[in-house]
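**Q** One-letter residues, chain by chain:
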Amino acid sequence: MKVVPSKSSEWMRPVASQKPAFAIIEIDRVSQVFQTSARKDHLALSDISLTIEEGAFVSILGPSGCGKSTLLYIVGGFVSPTSGAAKMKGRAIMGPGPDRGPVFQEFALFPWKTVLGNVMYGPRQQGVRATEAEAQSRALIEMVGLKGYENFYPKELSGGMKQRVALARTLAYHPEVLLMDEPFGALDAHTRTRLQNDLLNIWERDRKTVLFVTHSVDEAVFLSDKVVMMSKSPGRIREVIDIDLPRPRLRNELLLDPRYQKYVVDIERMFDESDAAGAPS
Amino acid sequence: MIAPATIVRRAAPVLACIGLLTAWQLASLGLKNDSFPTALEAVRAIPDILGDKESLINILASLRRMAIGFGIAVLVSIPLGLLMGRSRAVASFFNPLLMVIYPVPKAALMPIIMLWLGVGEATKILVIFLGVSLPVIYHSFEGAKAVEEKMLWSGAAMGLSPWQRLVRIVLPAALPEILTGCRTGLVLALITMITSEMIARQSGAGNILFNALDMGQYDTVYAMIIIVGAMGICLDAIFERVRAGLVRWSEPQFDMPLSFS
Ligand SMILES: Nc1ncnc2c1ncn2[C@@H]1O[C@H](COP(=O)(O)OP(=O)(O)OP(=O)(O)O)[C@@H](O)[C@H]1O
Ligand SMILES: [Mg+2]
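If you're matching them up, the sequences are chains A and B in order. Going left to right, the first sequence walks through residues 148 to 428 as the numbering used here numbers them. Going left to right, the second sequence walks through residues 996 to 1256 as the numbering used here numbers them.
If you're looking for bench data, these hints aren't it; they were derived computationally from the structure. Since the model is a prediction, treat every value here as computed from it, not as a measurement. Just so you know, even glycine gets a beta-carbon here, dropped at the ideal spot from N, CA and C. Mixed in with the good hints, there may be bad ones.
[Stated by the list, open to error] Here are the simulated distance ranges between beta carbons:
hint	chain 1	residue 1	chain 2	residue 2	range
1	A	Glu-415	B	Thr-1179	55 to 63 angstroms
2	A	Phe-299	B	Ala-1000	46 to 54 angstroms
3	B	Ile-1228	A	Thr-229	55 to 63 angstroms
4	A	Ala-185	B	Thr-1179	37 to 45 angstroms
5	A	Asp-419	B	Glu-1235	56 to 64 angstroms
Start from the sequences, fold in the hints, and give me the full structure.
**A** Shown next, in the form of structure tokens:
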């Protein structure tokens, strides 16, 4: 993993356009058909093509059921598309791998492991020595605000806390690409804001590529270099919007920035149209 | 101070035993039947049995057979059940076989097995094995099937191979369910152990019981029933200890209130 030192505030342009763009993930005419129980084919994704540049923070935004999770699973290698292909660094994605770290909507923690055990699982699997893995994991647990909960089992945590463990568990094995499926959807507004800031900090330090699924327009604009707006029935890419806002982004400055406000208003309007377009056909 | 709820919980099993023995005592006094000794007579016969060296050896031999049969059954059934739960091909191969064996009373197979293996240890162990296997396979199968897909995906993303996922994710995730099957299996092991000794009389707790029955020593018969029952309770209690230790992470935190009013 490459660590790029954090730049100060005079650095005003999105990362993706700063360095020579290298397409880390390419999604090429991907379609996904599901057999429903009514024996009808359901076109969940239709002809999706998308390129994600290395180090970019890309959000996928769209109404419920438009195929956001499915698209993320395809990039993760958990689901193979009905047609088309996804590539990582030019090589076809054949299955899951530690270069792409998922954070699922459903947490998917290992309930028989403590918080520390969950976070250490990936590094241990990767062959990191126990003491080292533990030290790293404790630091990550502190970073996501769960210091003191290291020896708790998942059933003893709230939904929001579980999601933070899930994030730490994935960060722990240093994937090159983070695949996050509405990771903050279950959190209260305050924690959500805190974690958005933390995620931005990590991202600005590590410059990991992030593919981030969300329902929230604010969140997408606040975090991303690029927002991919989807519409449903069938799931298609409706628009790709570059978010040209300065970094590092500070929440209190950004909320007052008219450019930020315009992005939010424009995308919200588009979102409404996408949702309306998705009436059952 | 101990909470009243704790006192009730601790006292409940003792009360249940006392209640049962009292009911027995009253019933037998009322019936005045020679073949139905009172609870007191039966309890008094217990020290004689446990004090007798030969009886003790018999009972220990029974327990040994039971442990071997149970152990082999668990070692074979858990992997098989887990594989069936995660692979449709394995499940559709074994399901029909198991469905054929399922409704057959295992003790009814004894005479046939005795023709192959004689009346010795092997036959009895095999019957215990058959009795224990099915519930353990079934519960392992159900447990493995219910493992959350995203948990396996998380493991795959960390680089776990399919076999590692089976051993390190499916097995622990299904463990509560597997242990439920083992607990049923343990009781069935005890039952098949006694039945097998009833059919192939040679040694064992079942042998003492049925010999006493033949000779009309009814207090010994009932004393043996109490001993077997007590063995069941002890084994179950030990098992429950082990189980609770292994799956503490999955136990519900709260009792279900009987009413909210
Ligand atoms: N395994 C499956 N079998 C059949 N249909 C599926 C399956 N998975 C998803 N679908 C369908 O595909 C569509 C897209 O699902 P997906 O979960 O990707 O949506 P989403 O955009 O993530 O929704 P949400 O925002 O509510 O999470 C939905 O209509 C869903 O019913
Ligand atoms: Mg989803």
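**Q** Taking the hints in turn, state whether each one holds.
**A** These are the hints, each one checked on the structure:
1. A/Glu-415 - B/Thr-1179: 55 to 63 angstroms: holds (57 angstroms)
2. A/Phe-299 - B/Ala-1000: 46 to 54 angstroms: violated (25 angstroms)
3. B/Ile-1228 - A/Thr-229: 55 to 63 angstroms: holds (57 angstroms)
4. A/Ala-185 - B/Thr-1179: 37 to 45 angstroms: 38 angstroms Cβ-Cβ, so the 37 to 45 angstroms window holds.
5. A/Asp-419 - B/Glu-1235: 56 to 64 angstroms: holds (57 angstroms)
Hint 2 from the list above is the single one not met by this structure.
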